[in-house]
Every structure is written in C-alpha cells, then in structure tokens.
Amino acid sequence: MKDQAIQKDYDLDAFRDIKPFQLPKSKDCDRYNDLPTSGFLNWAACSQPPRYIDMPPPLQRIHTNTTEEVVFFNVQKCYEKVQCRKNKKSKQRVQGATINMRVTTDTPSKVEVYVERLPKAAVLCGDSNGRVPLKPKMENVMYSDNYQRQDQYFSVDLDSVYHNPLTGSPVYKLSTVDSDRRNRFWLVAYVVYANGRKSQPFYSEPFLLKSKRSCKVSPY
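Mapping of the sequence shown onto UniProt numbering: position 8 corresponds to residue 8, and the numbering continues sequentially without gaps.
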C-alpha cells in the first residue's frame, strides 16, 4: 500500500511539470466582446465578417454577363421613293435602301429588325403603323480567336415591305406638309436568345424619305 501511495504522488508530480498551453482565441469571441452590454444592439457598429467581394479571388464565383452590340452601317440621311409601274399598277417604292448591320454576342442568337416612323413624326402625321418587321438576310458569321464571341452580319431592305401585315396600311406613306419632320424613320433591332430573352432595343440613325419622280419597274 505504501508503494502504491508513493507511485500515486509521483504521477501527480509528473502532471505538475506539464506547462499549460494557450488555445487560440476565436474571432467570434472578439465580435462578442464588441457587443454592447445593455440597450439595443447596433449591428452597424459591430465588426462584420469579410464581405463576399473582399474574399480572395479563388473563393469568388465568376458571373458572366451576356453582352450584345448592334451596329448599323451605311445608313443614309435621305432615301427616295420612286414611282414604279408593275402589272398595270403604279406604286412608289424605296430606291437603293439596303442597310447592312452587325450583331455581336457571346452566345448563339438571332436578330429581329423593324422599321418605324419616329414617334414625334408619327404623332404629327397620325401614323399608327408602329414597328413593322423586316426580314434580315444573313450575310456572314465571324468568330473571335477563342470562340467566345461571334459577329453576325445581316442586311435589310427597306423596300421589302410596302403594307403593314397587320393593318394593311402603307408603311412609307409620305406627308406633303412639313415633310422634313413628318417623314423621318429609323430601324429598331433586338437580339433574341435561345431562351427567348430579348435584348434592349438598338436604334439606327434617323433617315428622311422623300419622293422622286421616275419610271422604273419594281422587282417586287
């Protein structure tokens, strides 16, 4: 029994020789100490964890925003309507009005193009046609070096439409009064993606339509 008591004391002495080590203090403890001891908690005054945008780059989630661009080329300031006769019928057709355009996107898409009388001009002359669709013609497609972006080249012909397909009204009916203000049009384009989403509208430079007396046969 005496030997067991000596062995027990020896074991206690061994534990006394062990030096205590300090545990690392948690950051949550610091935040807790910052809190007020009485009254309402002002969370704005308390220290906050690092924001998402302040995290190191490997921890950030990469969000890719779809970007698009529509550029209209060779839009003239003025186009002329020429008197044409076909099948014993006389019509005024827009002459030399093929407009080229480029659509740049980073995902597969298509484009919708409309011709519209300027809103103020439509009010002045009572034009209720609104936006009349044009059929774009694909000309070429080019891709970037890493195939992340594509440039689609289209062309539209203003003379490809004569009547509004919904109302039957003439699209380019010209006003003889204050013609410089009332006979102005522009093109409106939308980029349409596979999921049905449409981009913001892209507008061309406004152009003026006026009459020119001539005698030609319309191809339409």
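Just so you know, the hints here were simulated from the structure itself, not pulled from any lab data.
Honestly, I wouldn't trust all of these hints.
[Said to hold, decoys possible] Restraint-style ranges between C-beta atoms, simulated for each label pair:
#1 V177 - Y147: 16 to 22 Å
#2 Q95 - Y193: 31 to 37 Å
#3 Q200 - Q95: 15 to 21 Å
#4 N87 - N140: 15 to 21 Å
#5 K88 - G126: 29 to 35 Å
#6 K212 - V141: 33 to 39 Å
#7 Q148 - G168: 41 to 47 Å
#8 S211 - N140: 48 to 54 Å
#9 T167 - Y143: 38 to 44 Å
#10 N146 - G168: 35 to 41 Å
#11 R181 - Y143: 40 to 46 Å
#12 N146 - K173: 44 to 50 Å
#13 V177 - S90: 42 to 48 Å
#14 P108 - F73: 30 to 36 Å
[Unchecked claim] List time: in silico PhoX-like cross-link candidates among lysine-lysine, alpha-carbon distance up to 25 Å:
#15 K89 - K173
#16 K210 - K89
#17 K91 - K135
#18 K86 - K110
The beta-carbon is built from N, C-alpha and C at its ideal position, and this holds for glycine as well.
Hint check results:
A hinted range of 16 to 22 Å for the beta carbons of V177 and Y147 is inconsistent with their spacing of about 54 Å. Restraint check, Q95 to Y193: a C-beta distance of roughly 35 Å satisfies the suggested window 31 to 37 Å. Hint check: Q200 to Q95, Cβ distance near 32 Å, so the stated range 15 to 21 Å is violated. At about 35 Å, the CB distance of N87 to N140 disagrees with the hint of 15 to 21 Å.
Checked against the hint of 29 to 35 Å, the C-beta distance between K88 and G126 comes to roughly 30 Å, which is consistent with it. In this structure, K212 and V141 meet the distance hint of 33 to 39 Å, their C-beta atoms being roughly 36 Å apart. Between Q148 and G168, the C-beta spacing of about 45 Å keeps the proposed range 41 to 47 Å intact. Judged by the Cβ atoms, the range 48 to 54 Å given for S211 and N140 is violated: they are separated by roughly 34 Å.
At about 41 Å, the beta-carbon gap between T167 and Y143 stays in the expected band of 38 to 44 Å. Between N146 and G168 the CB atoms are about 49 Å apart, so this pair departs from the stated range of 35 to 41 Å. About 43 Å separates the C-beta atoms of R181 and Y143, a value consistent with the hinted range of 40 to 46 Å. Distance hint for N146 and K173: a CB-CB separation of about 49 Å, consistent with the stated range 44 to 50 Å.
Look at V177 against S90: about 23 Å separates their beta carbons, and that is not inside 42 to 48 Å. A hinted range of 30 to 36 Å is violated for the C-beta pair P108 and F73, which are about 23 Å apart. About 17 Å separates the Cα atoms of K89 and K173, which keeps this hinted pair within 25 Å; it holds. With a C-alpha separation of about 20 Å, the suggested pairing of K210 with K89 holds against the 25 Å cut-off.
In summary, the hint linking K91 to K135 is supported, as the alpha carbons are separated by about 21 Å, within the 25 Å threshold. Proximity of K86 to K110 is assessed by CA-CA distance (about 34 Å); at most 25 Å being required, the pair is judged violated.
Of the hints listed earlier, those the structure fails to meet are numbers 1, 3, 4, 8, 10, 13, 14, 18, in rising order.
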